[in-house]
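A.B. asks: For reference, the chains in residue letters:
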Amino acid sequence: MPRKRELTFWEQIYIPEIIRGVWLTSAHFFRNLFLHTVHRFGLFKDLPAAVTFQYPEQPRPLEPRFRSRHRLTVREEGTPRCVGCMLCETVCPAKCITIVAGEHPDPNVEKYPVRFDIDLGVCVYCGYCVEACPEDAIRMDTDILDIAAYSRDAMKLDIHELMDPKLRKPVAECQLKFPHQCAIHGNQIEGSWESVYGSHPRESEDRDSRFRGNDKVVE
Amino acid sequence: MTGVDLLIKLALAAIVFFGVLNLAGLHTWVERKQSAIMQDRIGANRASIFGIRLFGLFHPLADAVKMFVKEDFIPAGANRFLHTLAPFLSVFFALAAFAGIPFGDRLMIGGRVIDLQVAKIDVALLYIFAMLSLGVYGVILAGYASRNNYAFLGALRASAQMISYEIALGISIVGVVMIFGTLDLQELVRAQGATLFGIIPKWGIVVQPVAFFIFLTAAMAETKRVPFDLPEGESEIIGYFVEYSGMKFGMFFLTDFVETVMVACLATTLFFGGWQIPYLLPDGFHFPWGAVLPVNPLAVVLLGIGSFSLKVLAFCWLFMTIRWTLPRFRYDQLMHLGWKILFPISIANVLVTGLVLALLHPGGW
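From first to last, the protein sequence lines are chains A and B. Residues are numbered in the numbering used here as their position in the first sequence, beginning at 1, plus a constant of 5. Residues are numbered in the numbering used here as their position in the second sequence, beginning at 1, plus a constant of 6.
Chain A on its own, in the form it takes in the complex:
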């Protein structure tokens, strides 16, 4: 490991080094000034004059593996793909996931989340929940970065926001039809399976065929 290098005589007289520094900075100055000017006239647009992104208007491109805000993937008929197995809640190092499982009418699915909450104020964005999920039911690919709120409560996402990443608090209207613990309506259980599958899905003769094909993930 070399120690502090002795300055040469040329460096010690300092003025040439100052001129070199000023030359470097003013070269950048005039280059960027020229580019900024010609950009105004629509020329040389492919040569950037600055390395900055004008953030809210011009978001920075994200890598495909980037871990952003969570979402719950949805089946075709509008129910979550989650089967309430609790693996994500168990693996979560920050313990920010809360799931209450309920019974699903389809015996092949068995369970589903009546309630699925993520406290983003606690989440560490490790992505373990995504890796643990056997059903590809939770993903972190919404590319939503601007997670900011005025209160800790506003940082808590419930099943409405997780199933529809475009929703923002306060969520005005509940769009979910299946039975779930609805924070919009005072934590009451809202919705019914009939509104999802029509009347008496459990008494159907051909239950398996009814639910066949419902496994498809809506991207």
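It should be emphasised that the hints constitute simulated quantities derived from the structure, not laboratory data. Hints should not be assumed to be uniformly reliable.
To be verified - One side only, chain B facing chain A, incomplete, derived with CB under 7 angstroms:
#	residue
1	M44
2	D262
3	T327
4	T331
5	R334
Claimed, not checked - Going by beta-carbon spacing under 10 angstroms, a handful of chain A positions derived as facing chain B:
#	residue
6	H33
7	L38
8	P53
9	A54
10	Q59
11	I194
Built from N, CA and C at the ideal position, the CB exists for glycine as well.
Assemble the complex: chain A is given as a structure, and chain B must be docked to it using the hints.
C.D. replies: For chain B alone, coordinates are given in the frame of chain A:
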């Protein structure tokens, strides 16, 4: 002095103040934008009026509004009178110094001769240096009256820095004064209108290049900006204005920029021919190859003012570039540079200048 003369003087003062204060205010914008462009950034551009951003030009306005509406805070135990006086002293002396700067040649209007210089002082150079030196009292008072150790450290550094640099600054000027033989800045600029060997304009930089570099270094120390911002040193001590808020802080902030403009004016006047344009005499251009291009006398004066402004702006740009290029000097490096390098060189410069003058004009004086 008649009433008309008084009005003319007031008008001149108003013009100078208008130019200087606007330029100083614009410096906040230039500082942000130029540093940004030098560093491949975009710079402050979000202040908008009805969606119009105008390259961030509204940021100085937003700054002014912010400074005027902020709480004016005087810390407990501070000397209220001195604490209030300090920013006024600081900005007053910086502005008063502009009275001695000639920004144009004589203007002849209606049989009246107007010297484009606010105050016609025979020793304008000494006057300006006196004002610049007094300016540091504002800084020292600010540090002294704030009852804050960091502010006090800033004031101590300011006084030490000023002593180290004013001497080199003053002595570097002596060479110029020896050559042109006057302390009257208007005469000094006029003397720079001559040419050497009929080709090279006899500007201060040509006859006193060493003095110019010493002056430039010392003058940058005078403005208390990077690389000589030890009194401020925002990353270590916040500096002499740590206990100031609102417009009082704004006045210190403005003083730095006013002094930058002042120093740019001085460098222009002393070393770059002031309002002179090469080969432009009061009746037109006299090119060295003999061609003569007559110019209207009024146009000559206006061209001179334009030339002066352009040179000042170029110096402002240079100071800003240096400010955003170099890191801050350490205290001992500053003392070393001031006392062991600039001071001896400036003395040697005076000796050599005297020797050359004595050889060129034997039996002169």
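A.B. asks: All hints are to be evaluated individually against the structure, with a verdict given for each.
C.D. replies: Okay, the hints, checked on the actual structure:
The criterion of a C-beta within 7 angstroms of any C-beta in chain A is met by M44(B), whose closest approach is roughly 5 angstroms, and the hint holds. Taken as an interface hint, D262(B) does not check out: its beta carbon lies about 20 angstroms from the nearest beta carbon of chain A, beyond 7 angstroms. Here the hint on T327(B) is kept, as its CB sits about 5 angstroms from the closest CB of chain A, short of 7 angstroms. For the restraint placing T331(B) at the interface with chain A, the shortest Cβ-Cβ distance is roughly 5 angstroms, inside the 7 angstroms limit, so the hint holds.
Annotation: R334(B) was flagged as interfacial toward chain A, and the flag is violated, the nearest CB pair being 14 angstroms apart, outside 7 angstroms. The interface hint given for H33(A) is met, as the beta carbon of that residue sits about 5 angstroms from the closest beta carbon of chain B, less than 10 angstroms. Satisfaction of the interface hint for L38(A) is found here, the shortest Cβ-Cβ separation to chain B being roughly 6 angstroms, below the 10 angstroms cut-off. At a threshold of 10 angstroms, the smallest CB-CB gap from P53(A) to chain B is about 8 angstroms, leaving the interface hint in force.
The interface hint given for A54(A) is met, as the beta carbon of that residue sits about 8 angstroms from the closest beta carbon of chain B, less than 10 angstroms. With its C-beta approaching chain B no nearer than about 7 angstroms, Q59(A) sits inside the 10 angstroms limit, and its interface hint holds. The restraint placing I194(A) at the interface with chain B is violated, with a minimum CB-CB distance near 47 angstroms, outside the 10 angstroms limit.
Checked against the numbered hints above, the structure violates hints 2, 5, 11; every other hint is satisfied.
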